[in-house]
Amino acid sequence: MKDLVQQFFIIAIIIYCVHMIYYYFRSKSKKYKNVPTIEMNFLMRIHGININKIGLNIVKKHIALINSIIVSIDLLIYYNIENAIIKLFIVFISTFLLVLIFYSVLGIIYKKRMN
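Start counting the sequence shown at 2; every next residue gets the next number (this note's numbering).
Calculated from the structure, these hints are not laboratory results. These numbers come from a predicted model, not from an experiment. A couple of the hints might just be wrong.
[What the hints assert, rightly or not] Using C-beta positions, here's what the derived DEER-type ranges look like:
hint: 1; residue 1: N53; residue 2: K29; range: 13 to 21 Å
hint: 2; residue 1: N81; residue 2: V36; range: 34 to 42 Å
hint: 3; residue 1: I109; residue 2: N53; range: 15 to 23 Å
hint: 4; residue 1: N35; residue 2: K112; range: 37 to 45 Å
hint: 5; residue 1: F10; residue 2: I94; range: 19 to 27 Å
hint: 6; residue 1: H48; residue 2: F93; range: 21 to 29 Å
[Said to hold, decoys possible] Derived lysine-lysine pairs resembling BS3-like cross-links, with alpha carbons at most 30 Å apart:
hint: 7; residue 1: K3; residue 2: K54
hint: 8; residue 1: K32; residue 2: K3
hint: 9; residue 1: K29; residue 2: K88
hint: 10; residue 1: K31; residue 2: K3
hint: 11; residue 1: K34; residue 2: K62
hint: 12; residue 1: K34; residue 2: K3
hint: 13; residue 1: K62; residue 2: K29
hint: 14; residue 1: K88; residue 2: K34
hint: 15; residue 1: K54; residue 2: K32
hint: 16; residue 1: K62; residue 2: K113
hint: 17; residue 1: K112; residue 2: K34
hint: 18; residue 1: K31; residue 2: K54
hint: 19; residue 1: K34; residue 2: K113
hint: 20; residue 1: K29; residue 2: K54
hint: 21; residue 1: K3; residue 2: K62
hint: 22; residue 1: K3; residue 2: K88
hint: 23; residue 1: K62; residue 2: K112
Glycine residues also receive a C-beta, built at the ideal position from the N, C-alpha and C atoms.
Can you make the complete structure from the sequences, with help from the hints?
This is the structure we're talking about:
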């Protein structure tokens, strides 16, 4: 169990760093500097969030944190289940549910923050 938790945190930290590097280079790009990501579009369209009002850097950090948690959970599930078909099915379903849950909670938090 201790080994599983250590793997989770190591994977989450690595994925978080990769996301932050991605956002750094994306903000330096002339083409994609002002274009919102898919996650930001989801928050703006579904929840009616004004990303600029909350702060672009804060939203980027929250999205990177959520994505790193989702990817870490998926990788741990993937590497700890033996059967390939069951593995892919569970990872697909868990990814869908985790994205839906985490981004809905983030949208609710941002709505409360905007009011």
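Comparing the hints with the structure gives:
Between N53 and K29, the C-beta spacing of about 19 Å keeps the proposed range 13 to 21 Å intact. With their beta carbons about 37 Å apart, N81 and V36 fall inside the hinted range of 34 to 42 Å. A beta carbon spacing of about 19 Å between I109 and N53 agrees with the range 15 to 23 Å that was offered as a hint. Checked against the hint of 37 to 45 Å, the pair N35 and K112 fails, with Cβ atoms roughly 23 Å apart.
A hinted range of 19 to 27 Å holds for the C-beta pair F10 and I94, which are about 24 Å apart. Between H48 and F93 the beta carbons are some 24 Å apart, a value that agrees with the proposed interval 21 to 29 Å. For the hint pairing K3 with K54, the CA-to-CA distance comes to about 41 Å; that exceeds 30 Å, so the pair is violated. Taking the CA atoms of K32 and K3, the gap is about 44 Å. The hint is violated against a cut of 30 Å.
Our distance criterion of 30 Å between C-alpha atoms is broken by K29 and K88, whose separation comes to about 38 Å. Among the hinted pairs, K31 with K3 is inconsistent with the structure: their alpha-carbon atoms are about 44 Å apart, more than 30 Å. Between K34 and K62, the direct Cα distance comes to roughly 16 Å. Compliance with the 30 Å bound is thereby established for this hinted pair. Proposed proximity of K34 and K3 is contradicted: the alpha carbons are some 41 Å apart, above 30 Å.
A hinted pair counts as satisfied when its Cα atoms are at most 30 Å apart, and K62 with K29 qualifies at roughly 17 Å. In summary, the hint linking K88 to K34 is not supported, as the alpha carbons are separated by about 37 Å, beyond the 30 Å threshold. For a cut-off of 30 Å, the pair hint linking K54 to K32 stands: about 22 Å separates their Cα positions. With a C-alpha separation of about 18 Å, the suggested pairing of K62 with K113 holds against the 30 Å cut-off.
Restraint check for K112 and K34: satisfied, since their Cα atoms lie roughly 25 Å apart, inside the 30 Å limit. At most 30 Å may separate the alpha-carbon atoms for a hinted pair to count; K31 and K54 meet this at roughly 22 Å. For the hint linking K34 to K113, the alpha-carbon distance of about 27 Å falls within 30 Å, and the restraint holds. In summary, the hint linking K29 to K54 is supported, as the alpha carbons are separated by about 21 Å, within the 30 Å threshold.
For the hint linking K3 to K62, the alpha-carbon distance of about 27 Å falls within 30 Å, and the restraint holds. The suggested pairing of K3 with K88 holds, with an alpha-carbon distance near 22 Å, which does not exceed 30 Å. With a C-alpha separation of about 17 Å, the suggested pairing of K62 with K112 holds against the 30 Å cut-off.
When held up to the earlier numbered hints, the structure conflicts with 4, 7, 8, 9, 10, 12, 14 and fits the remainder.
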